[in-house]
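Chains as they are written, first to last, in our numbering: chain A, 1 to 436; chain B, 437 to 872.
Source of the hints: derived by calculation from the structure; they are not laboratory data.
Quick caveat: nothing in here was measured; it's all calculated off a predicted structure.
Accuracy of the hints is not assured; some may be wrong.
Just a sample of chain A residues kept apart from chain B, beta carbon distances all over 12 Å, derived [said to hold, decoys possible]:
#: 1; residue: Arg41
#: 2; residue: Glu61
#: 3; residue: Lys71
#: 4; residue: Gln130
#: 5; residue: Asp170
#: 6; residue: Pro193
#: 7; residue: Ile201
#: 8; residue: Leu209
#: 9; residue: Tyr235
#: 10; residue: Ser249
#: 11; residue: Ser309
#: 12; residue: Leu343
Derived pair list, reagent style DSS-like, types lysine-lysine, alpha-carbon separation capped at 30 Å [what the hints assert, rightly or not]:
#: 13; chain 1: B; residue 1: Lys546; chain 2: A; residue 2: Lys346
#: 14; chain 1: B; residue 1: Lys840; chain 2: A; residue 2: Lys110
#: 15; chain 1: B; residue 1: Lys840; chain 2: B; residue 2: Lys782
#: 16; chain 1: B; residue 1: Lys782; chain 2: B; residue 2: Lys641
#: 17; chain 1: B; residue 1: Lys507; chain 2: A; residue 2: Lys75
#: 18; chain 1: B; residue 1: Lys500; chain 2: A; residue 2: Lys71
#: 19; chain 1: B; residue 1: Lys500; chain 2: A; residue 2: Lys64
#: 20; chain 1: B; residue 1: Lys511; chain 2: A; residue 2: Lys71
#: 21; chain 1: A; residue 1: Lys110; chain 2: B; residue 2: Lys782
#: 22; chain 1: A; residue 1: Lys404; chain 2: B; residue 2: Lys546
#: 23; chain 1: B; residue 1: Lys500; chain 2: A; residue 2: Lys75
#: 24; chain 1: B; residue 1: Lys500; chain 2: B; residue 2: Lys644
#: 25; chain 1: B; residue 1: Lys507; chain 2: A; residue 2: Lys71
#: 26; chain 1: B; residue 1: Lys507; chain 2: A; residue 2: Lys64
#: 27; chain 1: A; residue 1: Lys75; chain 2: B; residue 2: Lys546
#: 28; chain 1: B; residue 1: Lys511; chain 2: A; residue 2: Lys64
Backbone N, C-alpha and C define an ideal beta-carbon position, used for all residues, glycine too.
There are 2 protein chains.
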Amino acid sequence: MAARLPTEPPRGMRDILPAEADLRDAAAETVLTVYRRYGFRRIETPALESLQLLTGGGGGENEKLIFKVLKRGEKLDLGAAVTEADLADLGLRFDLTVPLARYYAHNHAKLPDPLKAVQIGPVWRAERPQRGRYRQFTQCDIDILGVASEIAEIELILATTEALDALGLDGLTVRINDRRLLAAMATWCGFDPARHASVFITLDKWDKLSPSEIRQELEQAGHPPPAVVRMMELYGRASPQRSLSAMRSQLGTSSAEGAFAALSRIVHTVEAAAGGRFRIDFDPTLARGMGYYTGPIFEISSSRFAAGSLAGGGRYDNMIGELLARDVPATGFSIGFERVVDLLSKMQGGTARGDKRIALLFEESTPDLGGVLAAAQALRAQGYLVALERQARNAGAQRAALEKQGYDGVATVGSGGLANLQWFAERALRQSGGRE
Amino acid sequence: MAARLPTEPPRGMRDILPAEADLRDAAAETVLTVYRRYGFRRIETPALESLQLLTGGGGGENEKLIFKVLKRGEKLDLGAAVTEADLADLGLRFDLTVPLARYYAHNHAKLPDPLKAVQIGPVWRAERPQRGRYRQFTQCDIDILGVASEIAEIELILATTEALDALGLDGLTVRINDRRLLAAMATWCGFDPARHASVFITLDKWDKLSPSEIRQELEQAGHPPPAVVRMMELYGRASPQRSLSAMRSQLGTSSAEGAFAALSRIVHTVEAAAGGRFRIDFDPTLARGMGYYTGPIFEISSSRFAAGSLAGGGRYDNMIGELLARDVPATGFSIGFERVVDLLSKMQGGTARGDKRIALLFEESTPDLGGVLAAAQALRAQGYLVALERQARNAGAQRAALEKQGYDGVATVGSGGLANLQWFAERALRQSGGRE
Chain A
1 MAARLPTEPP RGMRDILPAE ADLRDAAAET VLTVYRRYGF RRIETPALES
51 LQLLTGGGGG ENEKLIFKVL KRGEKLDLGA AVTEADLADL GLRFDLTVPL
101 ARYYAHNHAK LPDPLKAVQI GPVWRAERPQ RGRYRQFTQC DIDILGVASE
151 IAEIELILAT TEALDALGLD GLTVRINDRR LLAAMATWCG FDPARHASVF
201 ITLDKWDKLS PSEIRQELEQ AGHPPPAVVR MMELYGRASP QRSLSAMRSQ
251 LGTSSAEGAF AALSRIVHTV EAAAGGRFRI DFDPTLARGM GYYTGPIFEI
301 SSSRFAAGSL AGGGRYDNMI GELLARDVPA TGFSIGFERV VDLLSKMQGG
351 TARGDKRIAL LFEESTPDLG GVLAAAQALR AQGYLVALER QARNAGAQRA
401 ALEKQGYDGV ATVGSGGLAN LQWFAERALR QSGGRE
Chain B
437 MAARLPTEPP RGMRDILPAE ADLRDAAAET VLTVYRRYGF RRIETPALES
487 LQLLTGGGGG ENEKLIFKVL KRGEKLDLGA AVTEADLADL GLRFDLTVPL
537 ARYYAHNHAK LPDPLKAVQI GPVWRAERPQ RGRYRQFTQC DIDILGVASE
587 IAEIELILAT TEALDALGLD GLTVRINDRR LLAAMATWCG FDPARHASVF
637 ITLDKWDKLS PSEIRQELEQ AGHPPPAVVR MMELYGRASP QRSLSAMRSQ
687 LGTSSAEGAF AALSRIVHTV EAAAGGRFRI DFDPTLARGM GYYTGPIFEI
737 SSSRFAAGSL AGGGRYDNMI GELLARDVPA TGFSIGFERV VDLLSKMQGG
787 TARGDKRIAL LFEESTPDLG GVLAAAQALR AQGYLVALER QARNAGAQRA
837 ALEKQGYDGV ATVGSGGLAN LQWFAERALR QSGGRE
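Looking at chain A on its own, in the form it has when it is part of the complex:
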């Protein structure tokens, strides 16, 4: 290696320093503990998948952002290569849902039925780097495969609100809608069924744009003006959070009857189970981006953090059937882990761990290194996190640096021996003012 090798992480990626790593670990542990209580089991898939799978249609826009891996050995023929497909056979996963579908199709005979899976791990997208958005980031997903009834959505919502609550992210509101209802609405208004997706993308901006901007965007997209007028009337008459029954009577007993029944059962059951811990609102403007959703869709936001949502998900009953010979009903909920960690670091401004950390300083030339080690071991056996460090010449600067690193106490193992270990720990913590 030459001295001029770059030491930065690759563009759009980043190193995680100890304090943030502690916070991330603690957050992941909190979320996993709640999900495990709900019966979710951890599973893992490789970071790499075949490009054939990744570009198979489940990923929408994300398929354009795949980091592709060069073929190896004989498979790579540079001279004959004409397109990227000749050069690359694998790609880094861009989400955890497409790999989960493959995992289930491959392993279903060995898996519980239904499968309640929790995944937490990195995904990669070659997006243009921007503030707060990285090319490697962590997703935390729960999915229930094999349950067609709304008990799946209900459990996903209860588990995820409880996980966010456990992290201290309270004031939660769940917004819920249904893709079937969106389709019925668009049909009722008179939009071209082939262009529904474009209508939903605009509708999803209802909370960001004014009604006239929504109307303008729909008209500029070339949708039939009478359909646009009808939609604006339907949505404009009440607040976006208008009641489910009002929307139902407006659209009439149409083909979305199943969607209304499902939403009604989910909203009422979740409301009762929430006991005021969080709100659940029907939101007819909620659309969500992914094309694979087939039924109820939902997002969670917190009143403490106005912009954007903390988690989102929905039902995708058709995805696994495309890999397996039979259909498997599926619902999932994904926590925006990076967003959550970012909020937690702003709330707490430091480590989330409750451990007591002690730095035990010793002289390099100590004749009793064994005694120093024994002192550290005894404190560790009591559950303290103990770092042994050589005493620096400038003791004050060393102590200040250690306290800045988050040590609760700094104790020096002097020549007077180590008769009273407990005293070391207690003095160290007392000196630090008993930071909890």
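We have chain A; now place chain B onto it with these hints.
Chain B only, in chain A's frame:
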């Protein structure tokens, strides 16, 4: 997606099923808990690094096994590409040591000094797949950067033996040697200094080959016959685990004096601290593969698993200096996580978690879904892992399947109500025979 998309994971990679995921999580938690007590802090680096860094010389043979990532956008010019270097700019990391050196060089101003880092995460190598060896596997490394004295080696050895002990892998022996001593030995025998690495590779096989096979391999490699004879005499006179002082008097007070002093201090201090919990033996045949080691090197094996080692490491004082303007002394120890998990699964034959898992069955048509949910919530609040499942027609088969999945108890929420929740949990656990 077409129905004929492959559903297997990529060649040499694998899916992790729930029972193994539980075991892996529990093992990682156990190891991290011990390492944290020793003052190690978790850090993370991206999975991808620049190929410039990865092929910069720190990785030895592993550099040939890099999964390389295709350039993206304008950077990729297929027409003008002649070599792989024109096509790829990033690669998946093949170990955690090269990224750590870059991480330290980039972030040192914001990091504790010394840095005690623990990393656990996947690495990738495009090796020919074989039994028990995968192209994505997990490494668990601790490293101490900034400590030149042997207290670093001592702490690494104590922490790693304690972590393996905590996993139930007892009967441990630490074998230790020093690269400086190996060099002094090879010089004393009369080997060509430029060909020492080849001597060490053969020497490392001492426990697998017979003395005559060792001699033959050295001679066939073209080393001077008198040097080979001298080495065979030196090593043949006693057992490989001959004492440090015997080797010292054999070689004389040569240039390896520092190595002998370091090894002596490490062996005696660790022996005293171990208190019979494990053995530490000087092993003059231990060589280890990586070229970057500069001082003491060590491996841990268990008497319960004869073949191979569970962990290995050593001092590499020159690596960071090649990225940073100044030298930074460094020592590391890496646990073979996949090997450890494999051994644990054979020892325990199942889940390592102590949680109580209950499946709560309900009728899909229940009029009181809220009550069912409340029952589940109450049990979860008591710390049980509770999966809600719809009752199947064949109750016996369902119960058998759930028990096979590791549920400690299965309870049915009948029409009689949920007056006594605790009773459900206790009955469920009683029926299962109180499996711990």
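(message) Under the constraints set out in the numbered hints, which ones does this structure not fulfil?
(response) 1, 3 and 27
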